[in-house]
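Peer 1: Read off the chains here:
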Amino acid sequence: DTEVTQTPKHLVMGMTNKKSLKCEQHMGHRAMYWYKQKAKKPPELMFVYSYEKLSINESVPSRFSPECPNSSLLNLHLHALQPEDSALYLCASSPLPAGGSDEQYFGPGTRLTVT
Amino acid sequence: AQKITQTQPGMFVQEKEAVTLDCTYDTSDPSYGLFWYKQPSSGEMIFLIYQGSYDQQNATEGRYSLNFQKARKSANLVISASQLGDSAMYFCAMRGTAAGNKLTFGGGTRVLVKP
Chain A
1 DTEVTQTPKH LVMGMTNKKS LKCEQHMGHR AMYWYKQKAK KPPELMFVYS YEKLSINESV
61 PSRFSPECPN SSLLNLHLHA LQPEDSALYL CASSPLPAGG SDEQYFGPGT RLTVT
Chain B
116 AQKITQTQPG MFVQEKEAVT LDCTYDTSDP SYGLFWYKQP SSGEMIFLIY QGSYDQQNAT
176 EGRYSLNFQK ARKSANLVIS ASQLGDSAMY FCAMRGTAAG NKLTFGGGTR VLVKP
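Sequences listed follow chains A and B, in order.
The opening residue of the first sequence carries number 1 in the working numbering; numbering runs sequentially from there.
The opening residue of the second sequence carries number 116 in the working numbering; numbering runs sequentially from there.
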């Protein structure tokens, strides 16, 4: 199973809502990532989890809260988002947190619209 | 700091012809990895090919090959015998220890294959 799954595929939420994005992989990977991608732009790294611990936070606003309940799951909790947070949110995983030829395997993304 | 530059925002290619996508990079790391990803309109990022900075030979994966010129700091992707399904956005990316082994993406090149 070489797949990263993400749910939901699409999400529309109001600025006062609380929602969560979910990411799952069963490849035994020990690093998981959240990226944000605006239209016609490259992905921007948000968070990295290494061995289920948060290792990198790219100065992301606190209205985004990541969580890694176990080695296969990664969540992104959303609260009080702004319209400019509308984007494609991509999850990725890699065998190890760093180095070598380990490519990151990406999920299909969640298209988020904040109204 | 590491930087990736893709100078071609978009290009057309005739079906069955080859196409070269340009990628130049800048880093102070002696050891780094270069990746190419494909992103169709559906959103998922698909890993295509990897080149390590110490690899003596250019990487190849099926119809994809990487023209690595270390002295010129370029890592161009060559797609041979283009197919309609190759129409997508293509991102060059780099990972090195100087940036905490984070993946840094170029701005992307949109390829449209014409029948």
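A portion of the hints provided could be inaccurate.
Unchecked claim - Derived DSBU-like pairs (lysine-lysine); straight-line CA-CA distance at most 35 Å:
1. B/Lys185 with A/Lys18
2. A/Lys18 with B/Lys188
3. B/Lys131 with A/Lys53
4. B/Lys185 with B/Lys217
5. A/Lys19 with B/Lys185
6. B/Lys131 with A/Lys38
7. B/Lys131 with A/Lys40
8. A/Lys36 with B/Lys131
9. B/Lys131 with B/Lys185
10. A/Lys53 with A/Lys40
11. B/Lys217 with A/Lys41
12. A/Lys36 with B/Lys188
13. A/Lys41 with B/Lys118
14. A/Lys22 with B/Lys118
15. A/Lys9 with B/Lys185
16. B/Lys185 with B/Lys118
17. A/Lys41 with A/Lys22
18. A/Lys40 with A/Lys19
19. A/Lys53 with B/Lys229
20. B/Lys188 with A/Lys19
21. B/Lys185 with A/Lys41
22. B/Lys217 with A/Lys53
23. B/Lys188 with B/Lys131
24. A/Lys40 with B/Lys185
25. A/Lys38 with B/Lys185
26. B/Lys185 with A/Lys22
27. A/Lys40 with B/Lys118
28. A/Lys9 with B/Lys131
29. A/Lys36 with B/Lys229
30. B/Lys229 with A/Lys18
31. A/Lys22 with B/Lys217
32. B/Lys188 with A/Lys40
33. A/Lys36 with A/Lys53
34. A/Lys53 with B/Lys118
35. A/Lys18 with B/Lys131
36. B/Lys229 with A/Lys19
37. A/Lys38 with B/Lys217
38. A/Lys22 with B/Lys131
39. A/Lys19 with B/Lys131
40. A/Lys36 with B/Lys217
For the record, the hints were derived by calculation from the structure and aren't laboratory data.
Peer 1: Against the 35 Å threshold, does the CA-CA distance of B/Lys131 and A/Lys53 hold or violate the hint?
Peer 2: Violated - the C-alpha atoms of A/Lys53 and B/Lys131 are around 47 Å apart, more than 35 Å.
Peer 1: If you draw a straight line from the CA of A/Lys53 to the CA of B/Lys118, is it 35 Å or shorter?
Peer 2: The given pair, whose Cα atoms are some 27 Å apart, holds under the 35 Å limit.
Peer 1: Are the Cα atoms of A/Lys38 and B/Lys217 separated by 35 Å or less?
Peer 2: holds (19 Å)
Peer 1: Check the hint pairing B/Lys185 with A/Lys18 against an upper bound of 35 Å on the C-alpha distance.
Peer 2: violated (48 Å)
Peer 1: Can you confirm whether the C-alpha distance between A/Lys18 and B/Lys131 stays at or below 35 Å?
Peer 2: At roughly 49 Å apart (the allowed maximum being 35 Å), B/Lys131 and A/Lys18 break the hint.
Peer 1: Can you confirm whether the C-alpha distance between A/Lys36 and B/Lys229 stays at or below 35 Å?
Peer 2: holds (30 Å)
Peer 1: Assess, step by step, whether the Cα of A/Lys9 is no farther than 35 Å from the Cα of B/Lys185, and give holds or violated.
Peer 2: It is violated: about 40 Å lies between the C-alpha atoms, which goes past 35 Å.
Peer 1: Straight-line Cα separation of B/Lys217 and A/Lys53 no greater than 35 Å?
Peer 2: holds (16 Å)
Peer 1: Would the pair A/Lys53 and B/Lys229 pass a check requiring their Cα atoms to be no farther apart than 35 Å?
Peer 2: With Cα atoms ~46 Å apart, A/Lys53 and B/Lys229 exceed 35 Å; violated.
Peer 1: Would you mind confirming whether the straight-line C-alpha gap from B/Lys188 to A/Lys19 stays at or under 35 Å?
Peer 2: The given pair, whose Cα atoms are some 43 Å apart, is violated under the 35 Å limit.
Peer 1: Take a quick look at whether B/Lys185 and A/Lys41 sit within 35 Å of each other, Cα to Cα.
Peer 2: Roughly 26 Å between the alpha carbons, so the hint for B/Lys185 and A/Lys41 holds.
Peer 1: Do the alpha carbons of B/Lys188 and A/Lys40 lie within 35 Å of each other, as the hint requires?
Peer 2: holds (25 Å)
In this structure, the hints that do not hold are numbers 1, 2, 3, 5, 15, 19, 20, 26, 30, 35, 36, 38 and 39, in rising order.
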